[in-house]
Structures are given as structure tokens and as C-alpha cells.
Amino acid sequence: MLILLGVAVIVVGFAIRLNPLLVVVLAAMTSGWFAGLSPLQVIAAFGKAFNENRFVSTAYLVLPLVGVWERAGLRERAAAIVSGLRGVSVGRLLVSYMVFRQVTTAVGLMPIAGQAQTIRPIVAPMAEAAAEARDGPPDQETRYAIRAMAAATDNVAVFFSEDIFVAMGSVLLMVGFLTSAKIVLDPIHLSVWAIPTALAAFAIHATRLMLFDRRLRRRPAP
Amino acid sequence: MIKLGFVYLLAGLMFASFAVFSALDRGNRKRLGNTAFWALVAVSFLAGDRLGDLGNGVLVLGLALLAGLGLLGRSAPVTTSPEERLALSERFGNQLFVPALLLPLVVAIGVLALKPVQFGGVHLMDPKQATLISLALAVLIALAVALVLLRQPPAAPLQEGRRLADTVGWAALLPQFLAALGAVFALAGVGAQIGHLVTTYLPVDTRLAAVAVYCVGMAGFTMLMGNAFAAFPVLTGGVAIPILINHFGGNPAVIASIGMLSGFCGTLMTPLAANFNLVPPALLEIPDRYSVIKAQVPTGLLMLLVNTVLMYVLAFRQ
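Going down the list, the sequences are from chains A and B.
Mapped onto the numbering used here, the consecutive letters of the first sequence carry residue numbers 1354 to 1575.
Mapped onto the numbering used here, the consecutive letters of the second sequence carry residue numbers -11 to 306.
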């Protein structure tokens, strides 16, 4: 039971907003200690796993490219395009992005977009410009809310569409685990049964985006 | 064959350049902290396989201490001013989208067309790592085009990359830290312990209760572990296979598929899924670290309810 204190360290540490990198190391130490590992063994195990998971941080290779786009004015251009559209709103823009993201992800093109290369330089500036075009310049808090909603839309779209693609890692993980439990099935069946959830995710999140629009309109004039 | 090592080499050189430019950045009072942090990341990418487990562990402690003691500052790399950007955006117009669309296009070509390409039985790129390799190649190609087409100075990619990396700061490394924590938790048996608690103490004697325990359990366990992949074997082995499939005769494809998607509802609601939930607020310069999670919680909870209902309705049709 005491090994679960590592989880408690994470929950408390994140809740009181200590630096998460330190919290993670402390949590590893705590669970490792109660599992009978010495601090040196935990540090070595953590170091080994850190090294094996370097691929996680290779995503930042897009930063130099995104920075160059921004330096040359891409964010301003993205905003200008939206400002010129009639009838545009944050909700409609993000619903359109969600359709694009769900459809491309479902056919295996999940890596063509993302938070660093799409949301920050293109979608978030477009969404802020859409709010400005309809209701005038948003205050800072509203801008933060719009950006958070843009980032959330990317996550929701990807999570609930990725399993429709047969060769997705999570589908292969399910097939592998079920096979080891003597349940053999074709990955395509797992993909098919991911479709109802993908449709429901669209209905729910798109509705929330349209309601978000109404909330933006009703906010008090600055 | 192009392997993951190529991507690591690129990443290592990139972070090394961030370290060097940080050291020269007189606008940042804490420049030595930034230098040390990015230099350690560079060492990890360039020489991680030669450091040994303990060596890597010490490197990780160094990163955590630099971040925890607040030794990283915000850099001030030379970039264009908002006014200059507005003028540039008007001058270049939609040409700006050429390199921006080239990135997804080359990634798509890499993932769809280049992945199976072989020369004399040898793959052009390691098929297991095709996505990361395609992304790295796409970045290089799009950068070359952007530098020429948008007439950017040659140092711009590294200075601009450093500007964005310092915007994200220590949070950039959090996803990799959490992945490593998952491995230590697995070693300590944390997942097995939680799975044991769930399967021992929660009611699974009616079909609806068992479906709810599995779906909500997947979401909750994912929130605690930061990753649905860690929750899936524990709860599918503990609840789904013995009770939903073997005892109640549910369709395994429906149960596994919707079970995993219930886990993803948890991913939307936990700070432990840092790459999705904590890095974006940093990238978007939102002060509230948990702003993206707060925006996702209503969708996450509703989708958890939907998944539970869908599994109950779809898995037991005769």
C-alpha cells in the first residue's frame, strides 16, 4: 500500500504548484523507497527510463521552424485572413478546425498538425482575430480563454479520432494485449467501434464551442 | 537506413545551440541557468546512450534542480517587433503559408509514401520510427524553403527556436520526466496495486455496474498514471476480460475499443498528460498552467458518460 504514496506526492505537489520536475523526481523516490529500492537504484532506473523516452522531446524540433514563421509575420497573416471573412466566429472557426483534425487523424495523418506547429502560429491567432472581428478587441482574460479552447479542441479532436486509424499505436497495443489473453481479433474491429465515440465527441465539443461563442458575445463591454 | 539516431543528433545539436546562444544572451539575468539546462538536454540527446543509467539519473537530477530552484530566466533573443511583423505579413501575403503548408505535406508524404520505400531490401527509414523521422525531414525541408522564400537570416532558426524553447521553459521536459516516472511506478508495482484495489473493492455484480467500473476506472486510473496505455492492461485484465467478456458475454472489440477511449477522457483531465495539457498553456503564453485542462473537463466528463452508455448498449447485443 505504501508504494501508492508516490501518487499522493504527485497529487499534492501539483495541487500546491511546486515545480513539477521536482515533484516527479520526489514521487519516483517515494514509490521506489517503499518498494524496497535504494535512492541510487531509483535514480538509475529513472535515468534509464528518461534516456529511453527521449523520443518524447524530439517534438521540439519544430520550434526553430515555427519561430521563423512567426518572425516573418505568419501569425499576423493568419489573423488578417480571418478578419476579412464575413460571419466568422471563434466557435465556427474551431468547429471547422475540429472537422479537419478529426478527418485527417482518422486516416492516419495525426502528425501533420499539433499544438506547437499549428495551434500557436495559426489557429490561436485566427481564433483571437475571429473574436475581434465579431465583438471588438477581447480583453486579456478572454484572449487566454480563447487560446485554451483552441488547444483543447486539438486534443479532443485527436484523442477521439486516432483509434479509427488501424495502425495507431493504441489499437496495436489493444490487439497485442488481447492476443496475450487468448482473445484474437482483427484490429479493424477495434477501429470500427471507435467511430460512435468519435461522432459523439464531435457533437459534444462542437456544441460547447457554439455555446462558447454565445458566452463571448454576452461578456460586458470593456 | 535513416534511424532514430539521426533525429536525436538533430535534436542534440539544436539544444546545444540554444545553450550557446543562451550563454551569449546579456539580456537574460539568469542566462547561466538557461545555458546549463539546455546543455544538459543536449548532452542527453548526443551522448545519453554512453552515460550509463546512473549518469543519466544524475543528469535528470540536475535538470530538476535547475528548474526547481528557479534558475531559468526568460531570454530576449533578437526578433522582429510587432510592427515589423505586421509589415512583413502584408509584404509576403499568402506566400507565408507556403512553408507552413510544406511541413504537413512533407510529413504526410513521409508517413504515407516514403515509409514502405526500400532500396535493395533496406528501408529508406526505420519503419517503426517513420513518424518522427518524417517530421525531422519535413522540418529541415520547410526551414530551407522558409529561409530563402521569406529572406530570413541564417541564424534565425536557432535564435527563434531558443525564443520559443525559453517561452515553454522547464515545462518542455515534463512529458519526458513523466514518461520516466511511469517506468519507475511500473517497477515499484504502483499500477498493479491500484488495479488490485479497483478489482477487489468495487462492485461488479451487475452488468451496468461492471461497465461503469471499467469505464470510470479507465479514466480515473489514466488520470493518476497520466497515460491510458498504462491503465489498459491492468483494468482490462482485471475487470473487462473476466467479468464483462467471460462472465457477461460482451463483445471484446466493443469493450476494448470503448474502454481505451474512456481512458482518453481521463487524459483530457490530468496534469500528468503534460504534453497535451501543460505544454500548450506555456506555448500559448497563458499564465494559468491548468487553463487547457479546465477547458477540457466538461468535454471529458460528458464523453466519459457517453462512452459508458455506448459500451452498455453496444457490447451486449445478441
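Think of the hints as simulated: they come from the structure by calculation, not from any bench.
For clarity, every value in this text was computed on a predicted model and none was experimentally measured.
Careful, some of the hints might be misleading.
Label-pair ranges, simulated between beta-carbon atoms [unchecked claim]:
id: 1; chain 1: B; residue 1: L39; chain 2: A; residue 2: P1490; range: 34 to 44 Å
id: 2; chain 1: B; residue 1: R139; chain 2: A; residue 2: A1361; range: 46 to 56 Å
id: 3; chain 1: A; residue 1: V1460; chain 2: B; residue 2: D37; range: 32 to 42 Å
id: 4; chain 1: B; residue 1: G15; chain 2: A; residue 2: A1361; range: 36 to 46 Å
id: 5; chain 1: B; residue 1: R139; chain 2: A; residue 2: L1358; range: 52 to 62 Å
Note that beta-carbon positions come from the ideal geometry of N, C-alpha and C, so glycine has one too.
message: Need the list of violated hint numbers for this structure, in ascending order.
response: Hint 1 is the one this structure does not satisfy, whereas the remaining hints hold.
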